[in-house]
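**Student:** Just so you know, the protein sequences line up as chains A and B, in that order. Read in order, the letters of the first sequence are residues 1 to 549 in this note's numbering. Read in order, the letters of the second sequence are residues 1 to 549 in this note's numbering.
Don't take every hint at face value.
A pair holds if it fits inside one copy or across any two, identical chains being indistinguishable in the list.
With a Cα cut of at most 27 Å, we get these calculated DSSO-like pairs of lysine-lysine [stated by the list, open to error]:
id	residue 1	residue 2
1	514	427
2	207	339
3	514	358
4	492	451
5	9	497
6	363	17
7	537	339
8	503	529
9	427	119
10	492	503
11	529	492
12	542	119
Since the hints were derived computationally from the structure, they do not count as laboratory data. A quick note: this is a predicted structure, and the numbers were derived from the prediction, not measured.
There are 2 protein chains.
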Amino acid sequence: MKLGSFIVKLVKQLGVKQVFGVPGDYNLRFLDFIEESKKVDWIGNCNELNASYSADGYARENGIGVLVTTHGVGELSAANGVAGSFAHNVSVLHIVGYPSSSIIDNDIPVHHTLGNYKKNNFLEAFNPICGATTILTELNYIEEINRVISNMLTTKKPAYLGIPTNLLDMEISEDIEDMIFRFKNSDDYRVEEVGNIISAKFNQSKKPMMLLGVNIARFGWRSVVTDVLRKTQLQFTTTLMGKSVISDKEIARSNYMGIYAADYSTDGVVAHMQESDCIISIGTVETDLNTGGFSEHDINYDNVITIRPQSVKIGKKVYTGISVDKLLEYMSENLDLKKDIYPRLGQKNIDKNTLKGKKLNQKDFWPIVANEIIKEDDIVVAEAGSALFGLLPQNLPAGIDFVSQILWASIGYTLPAAIGSAIAAPKRRVLLFIGDGSFQLTAQEVSLIAKYNLNVTIFLINNDGYTIERAIHGPNQPYNDIYMWDYLQFAKSLGIKNLMSIKRFDEFFDGIDKMREDGAKMIELFFEKLDYPPLLKQISDKLAAANQS
Amino acid sequence: MKLGSFIVKLVKQLGVKQVFGVPGDYNLRFLDFIEESKKVDWIGNCNELNASYSADGYARENGIGVLVTTHGVGELSAANGVAGSFAHNVSVLHIVGYPSSSIIDNDIPVHHTLGNYKKNNFLEAFNPICGATTILTELNYIEEINRVISNMLTTKKPAYLGIPTNLLDMEISEDIEDMIFRFKNSDDYRVEEVGNIISAKFNQSKKPMMLLGVNIARFGWRSVVTDVLRKTQLQFTTTLMGKSVISDKEIARSNYMGIYAADYSTDGVVAHMQESDCIISIGTVETDLNTGGFSEHDINYDNVITIRPQSVKIGKKVYTGISVDKLLEYMSENLDLKKDIYPRLGQKNIDKNTLKGKKLNQKDFWPIVANEIIKEDDIVVAEAGSALFGLLPQNLPAGIDFVSQILWASIGYTLPAAIGSAIAAPKRRVLLFIGDGSFQLTAQEVSLIAKYNLNVTIFLINNDGYTIERAIHGPNQPYNDIYMWDYLQFAKSLGIKNLMSIKRFDEFFDGIDKMREDGAKMIELFFEKLDYPPLLKQISDKLAAANQS
Chain A
1 MKLGSFIVKL VKQLGVKQVF GVPGDYNLRF LDFIEESKKV DWIGNCNELN
51 ASYSADGYAR ENGIGVLVTT HGVGELSAAN GVAGSFAHNV SVLHIVGYPS
101 SSIIDNDIPV HHTLGNYKKN NFLEAFNPIC GATTILTELN YIEEINRVIS
151 NMLTTKKPAY LGIPTNLLDM EISEDIEDMI FRFKNSDDYR VEEVGNIISA
201 KFNQSKKPMM LLGVNIARFG WRSVVTDVLR KTQLQFTTTL MGKSVISDKE
251 IARSNYMGIY AADYSTDGVV AHMQESDCII SIGTVETDLN TGGFSEHDIN
301 YDNVITIRPQ SVKIGKKVYT GISVDKLLEY MSENLDLKKD IYPRLGQKNI
351 DKNTLKGKKL NQKDFWPIVA NEIIKEDDIV VAEAGSALFG LLPQNLPAGI
401 DFVSQILWAS IGYTLPAAIG SAIAAPKRRV LLFIGDGSFQ LTAQEVSLIA
451 KYNLNVTIFL INNDGYTIER AIHGPNQPYN DIYMWDYLQF AKSLGIKNLM
501 SIKRFDEFFD GIDKMREDGA KMIELFFEKL DYPPLLKQIS DKLAAANQS
Chain B
1 MKLGSFIVKL VKQLGVKQVF GVPGDYNLRF LDFIEESKKV DWIGNCNELN
51 ASYSADGYAR ENGIGVLVTT HGVGELSAAN GVAGSFAHNV SVLHIVGYPS
101 SSIIDNDIPV HHTLGNYKKN NFLEAFNPIC GATTILTELN YIEEINRVIS
151 NMLTTKKPAY LGIPTNLLDM EISEDIEDMI FRFKNSDDYR VEEVGNIISA
201 KFNQSKKPMM LLGVNIARFG WRSVVTDVLR KTQLQFTTTL MGKSVISDKE
251 IARSNYMGIY AADYSTDGVV AHMQESDCII SIGTVETDLN TGGFSEHDIN
301 YDNVITIRPQ SVKIGKKVYT GISVDKLLEY MSENLDLKKD IYPRLGQKNI
351 DKNTLKGKKL NQKDFWPIVA NEIIKEDDIV VAEAGSALFG LLPQNLPAGI
401 DFVSQILWAS IGYTLPAAIG SAIAAPKRRV LLFIGDGSFQ LTAQEVSLIA
451 KYNLNVTIFL INNDGYTIER AIHGPNQPYN DIYMWDYLQF AKSLGIKNLM
501 SIKRFDEFFD GIDKMREDGA KMIELFFEKL DYPPLLKQIS DKLAAANQS
């Protein structure tokens, strides 16, 4: 078997069926192996940044995503997307086509190099934004492939695999074909000890609560956490990034209590958290946006148990050497039933009659989206702007996946990411909510939705500029303006046929049945320029203050 | 004066009137200072990669360009463009808005960071692709601003200036306002010695020739080299990258002999170079594409004098410590007249009648463009694909600027670069030649052409895919296909009103008057999928062989 075929086989073995990227002359030979294999499909994006976002969106659904670029020009264009995957623990394997070994070894100034060719120039750029990076040689390839893939599987961070084009045709031995990753599970010698401390504390507690974070999805703990919730019937809140992290519909419907993010929590949640005498926090991440701008709040930290990939913290004591999977299994067997401790979360009712005749506005719009547009099992992709901060406080239908970038917050991310989601989960409906400013960054990728007739509905929030920036600073400064496009004609020119334009709530209500249909479409929604969702205003005021500190 | 105002003043002092970028919350305060100043205009691109290309195109016309991005997400998206500026010695000052010093110093995991915040994460990515990089602090800002700007002015490489947002409002003293860059000229103690050796060799020679490279433009030697040519009346060839580097129309018209690039030279040039007993090579760069794929050729290197930014090589001996400006001045005073040594270059005649009724084809098309479309003083921007390799062999009108990326060869570069050219030189007509595959990477930036009604004509070569990749490898492989857009409707949706679609030569001839008019427009030209310009085929065969070596 040739190395090229082996790499494709490896990709397939990692559970990846589609890979994203852009052809370039140092990866063309690798693309031949993909074509030949018939096992993995090539999805050609319009550019590499978009490809990196698509691979990220794909990996969030599929566990792992693969991105293929060419040396220098291609890989550097993808750096922002790969860094976003790092920030959000999304496992993207970035395969970079390098010039031939003889060119690299002799530092020959070929095209797609800086002229002052140094073979590690670009690898160095990726070191801080990947879990592991390598350039293969004839001598190192066995252990290096093992090392970077194992690192990706353990840390969930992106990995960088540079392959000189001539090596792809090298014959490799059968032993290597059977190579097994030296993927090492976390130690687990303390599971019982720590499990017993947690059980004792929890079982004695009167008002326990669970706070769930996004790493439950990233580290593959969804089913074990759901088991704990099912066994204990415990009610739970999530962080902002943990939005909709529990995909079990029954549990999500009955046990979800809202979002805890200190000052940005949904109604009633802060009081519940303050009352609680045992908070089990799982897979949460501390960032400015996720934790309410690091706002102070009255939680008694002695009552908090924090379970993270590398450690468990109980009160002030930190334990390591624990397999989180096994600990959660142990907990599901040893924690007591704690049913209906807090009042159940009700569904908001919206009186549509009061909205008739009115123009669209942010405050009223998002609850309607939550109630009327989003359905169970949808994948909801929310751009870090009006869309994200409009949707976060809503009680969304159970069983959805919620895709966003609260930490990295790269505008333009969601359009290509939604494409990745749709390709990874072809049976689900993908709803993308994105503002016009963000849309312009990666807009050409609408082309891919049309090409594959993906089940993606684009809700384009047209409010004439960078609204999240206006909210933070300079609401009327010209630098926050963008040039007005004819967005529907734009989408049409790229092959989208189903188009709607909506300015008023009546038009919106009239169009709801059509919006809820399957299939590629774009719905343009007009809002006032300085109309912000309430949470966005609240958060951006805090960010503006931090910038001056 | 506040630091923010000082930076804007500095930008202005560097001769920059427009800066390119995308707003992001860590640079918004800096954008206020730009707005306030009324001295420098903000040009908001659709995304940061496009902005970096525009800043590069601007800098090629203007000497220096400025790019403004936000920390993490913004700057990384621009990495490919900045690396291209490095490869081509284009001076782009990359100003990056950083979070407040207190956030950086305390490693707080704010948004637009990796969570595991390390303040130099992204700076490290830019170290290999910039001449100098820095993050300002309250203590270092005087010497650091001096250091990175001086480096940029000397090396012509891009510079990276990270500014924590809170520092912008810091008052700085008047002394600093008057700060003079410690820009150090090259040493010049050997100008006379080396100048005399060159003069003796040249004046004795019977068949001298000059070979000119792109660094003549980058290092500001155009006028001194032109003086040498005027004084000696010497005939000259250029490398591929040096295409149209002499902008003096009289000299360009009478003394230009064609391109020397070994196997890819234009007709007759190799023989002249082989005959020559004294070749003066100025500002040339050795890369695979520029030198004819490193092809071997029969030049006697003992007769070659090579003048480069840091050194002069005469035969086998290398001299340093020379100011190239002064050396060229010395040469213009001491070299003898060497008029009409080689037969003058004739203009190709095209018989339009033979083309009537024919579909467009690459071989016949580019000579027509050279004769009928491009006019003196135009800026011609050629994408590294069919456009570049179609135009390079043509004898183009005198006085044009020729913008391309032969070394870095990042597809998609030229559309935003053409915008930069048009903004830097508003009185000149910009002609952009770009293929459909490349166009898709950065297509949304057409928006900026419409917004400012720039004098840019886009000639879109629609040949249904990545033609340069097809020529190198896999002509019929699906990965070289792209999704067909309605390009004219696309351009219209972004505000371009003047549109043409052309399939046959008669249509082309009929439309020529309209094409030659000033103003923003797009002309779509249809070619056969596997029709390559002859030079592209020749070069790509060699690249394919190198990939297998």
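**Student:** Next, verify each hint and record whether it holds.
**Tutor:** Results of checking the hints against the structure:
1. 514 <-> 427: within (19 Å within a copy, 50 Å between copies)
2. 207 <-> 339: This pair counts as within: shortest intra-copy Cα distance 10 Å, inter-copy 98 Å.
3. 514 <-> 358: within (21 Å within a copy, 48 Å between copies)
4. 492 <-> 451: both (12 Å within a copy, 21 Å between copies)
5. 9 <-> 497: neither (37 Å within a copy, 50 Å between copies)
6. 363 <-> 17: neither (41 Å within a copy, 41 Å between copies)
7. 537 <-> 339: neither (36 Å within a copy, 73 Å between copies)
8. 503 <-> 529: Close inside one copy (13 Å), not across copies (43 Å); limit 27 Å.
9. 427 <-> 119: neither (43 Å within a copy, 42 Å between copies)
10. 492 <-> 503: both (20 Å within a copy, 23 Å between copies)
11. 529 <-> 492: The answer is both: 25 Å in one copy and 24 Å across copies each meet 27 Å.
12. 542 <-> 119: between (44 Å within a copy, 22 Å between copies)
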